[in-house]
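Peer 1: The residues making up each chain are set out below.
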Amino acid sequence: MEEIGLTIDGLDIVAEKGNNILEVALKNNIYIPHLCYYPGLKPSGACRLCVVEVGGELMPSCLVPVVPRMVVTTNTPQVERARRAIVELLIADHHYDCRHCQASGHCELQRIMARLHISVKQMRPLRWARKEIPQDTSHPLFDYDPGRCVLCSICVKTCERVSSGTINFVGRGYGTKLGFFGDKSRCESCRGCVESCPVGALVPKSTLPPSTEPSVTTGL
Amino acid sequence: MFVKQRTISVCQGTGCISGGAEQVYSFLDAGIDKLHLRDSVYLKRSGCHGFCQRGPLVTVEPEGIFYSKVTPEDVPAIFQSLLAEGKPVERLFYRDPATSRPIAHYRDIPFYSKQQRTVLRNCGNIDPERIDDYLATGGYQALHRALFEMPSERIIDEVKRSGLRGLGGAGFPTGQKWEACRQAAGAPKYVICNGDEGDPGAFQDRSVMEGDPHSVLEGMIIAAFAIGAQRGFVYVRAEYPLAVKRLKIAIAQAKERGFLGQDILGSGFGFDIEVFQGAGAFVCGESTALVLSIEGRRGMPKPLPRPRTTEVGLWGKPTLLNNVKTFANIPLVISRGSAWFASRGTGKSKGTAIFSLTGKIANSGLIEVPMGVKLREIIFDIGGGVPNGKAFKAVQTGGPSGGCLPATLLDMPVDFDSLVAAGSMMGSGGMVVMDEDTCMVDVARYFLDFTCRESCGQCIPCRVGTKQMFDILDDITRGQGRPEDIDLLLEFGEVVARTSLCGLGQSAPNPVLTTIRYFRDEYEAHIYKKRCPAGVCPELIAKVGAD
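Line order of the protein sequences matches chains A and B. Note that the working numbering numbers the first sequence so that position 14 is 12, with each residue one more than the last. Quick note: to get the working numbering, add 209 to the position in the second sequence (first position is 1).
What the hints contain is simulated information worked out from the structure, not anything from laboratory work. Since we're looking at a predicted model, the values are computed, not measured. Careful, some of the hints might be misleading.
[What the hints assert, rightly or not] So the derived list for chain B, only partly shown, Cβ under 7 Å to chain A, looks like this:
{"id": "1", "residue": "Val673"}
{"id": "2", "residue": "Arg707"}
{"id": "3", "residue": "Ile736"}
By construction, the Cβ of each residue, glycine as well, lies at the ideal position given by its N, Cα and C atoms.
Please build the complete structure, drawing on both the sequences and the hints.
Peer 2: Next up, the structure:
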């Protein structure tokens, strides 16, 4: 194992060669917001929230390996401006109803908003998503809410490790969502996708309440 | 019936076919049989002549007579003109829009005389389905030269010295790409021709593939020899059935003659080309997405930093990917030499550029001009200006990701770098002209609608950002714009451009940013006065009527 030295936000840091900036920063208690990075999975660089500044350029920190004497800044005005804009875009597009969301309290998007001090009330006046996209309840184990999905692809990659891909992106452009392939699914019921979902897009199927509830419980 | 030896060619480009060129051809063909003219008249189909506005087009050689808007009813008159004392059919001549003077020869028509057709030299002259026509114009001689007279280093050196830059839009130096691919470790290597032309209003790649498919194949074979590849693909959109058909015919004929396959021309070098049909996703024109698409996976660009496609491409192997027009230029570079090639164009942009000229323009069609020509020359001299006495307002270059340039920039030279400096780009060569009746907010809305549908969907700035910008623009065109909207568009447009994962998202805000930069007053009229100055946005016209 080779160790190298670099600077993140002015702090001298020793890191393992080959690790990416995001991993190194998190290990050293420097917070960089991220949605699509998941420990142990190949980074996809899709959420663009983990951008940092290296040599004046914005770079996705999950994809850039650390090199000796690298100077990384995670909080320049241009980085903060980009992050804030991306989070605001995401919120405006989100099925924003935390009270009825199962993920509330352990949701990565909520955590990022708190960390970056972004609140819906103080957001810039963006247009909110106009159409409510219906839930996909076709899967026997879980329900999928495309309005809450951030398309981080963590579930896709988690699934790929278990059974060769029973979840993937379908559609294109703004209409992209997850598809589950119905009867053709090779799902192994591991629920890894639900476990790893950073937001409330994939949730376990709610157990049905009994149709008749006995009003009196009698013991023998 | 005695007539002189003539060649009649009927344009069989997609534009002319949709105008009835097939029928004109079959009437001419039947007439030749009926009049027993087989010995003296050679009737052929040709690729796109470029002057699509006036189609269907028929030319008569050797005189170089140019007939436009030909219908089957005109065929008898054309036969009469072939008689010894016959005169050309004047009513089918192209008329100069300014003077109404009929022009008989295509070389005298400003649309052609101001162009420099080198890549398009064969388009419209040869029958794209007959390899002999291509051979008669000197076809495959560059390949012969490359195989037997030039070591591969010299081929690459020649391409480098020519200054040829990738004509797919980014303008990356072609020779440098070839060298990188040649030096990349790994085998086998692949050559891919990018014919996934998805820009609305662009048809230049299609026309080259349809009109001169062999020049593309020849360029690919030379490239394969230079970098050491054995297998190649032409990636064509499935929406281009005629291009697919003609490429397949060309590949079969080239194989038959020994220009493709094993042991090409006895040189010991072998190379094969397949046509791969894309399913019509705009984003698959991006190199990494295109490669994934051929591999049978979802076409989503891979994020930077990553190894270049020249090192890790198709199935993880070094892959050379160039645009249709770049490959079509290669036989020219090899046969005429890099010095000739570099003698045209500007300091950093050599050779010619091919544009699909469309929109509010008198002569729409396919044109080829030297790099560095002024926008004014393209639009007014070749294009014949804006029809119906309307005023020119803007020209959009570079497809949905390009910018809209106003009249004040008409004297700007057209090359890779000047266009980028003005907020637009060369793109793959679409050029849409707009007149005074065009609403610039509506134009921006249209292009954002396109990009937000065609985004691959993986990164947030592009997927959600383009949708947000579309929603704001949509509101503005409906009279629901708010005072802060222009700033929002500028702010979020810049973030989308700076943080998106691939070129699609990075350039998607261009139409919005340039229309705000050059036509801000129109945005303000929509937002503050609830008025559409061009009279396009229906909700805002209704408002004026109600007042």
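Peer 1: Now, for every hint given, state plainly whether the structure supports it.
Peer 2: These are the hints, each one checked on the structure:
1. Val673: With a closest approach of 5 Å, the valine 673 of chain B hint holds.
2. Arg707: holds (6 Å)
3. Ile736: Because about 13 Å separates isoleucine 736 of chain B from the closest Cβ in chain A, which is outside the 7 Å limit, the hint is violated.
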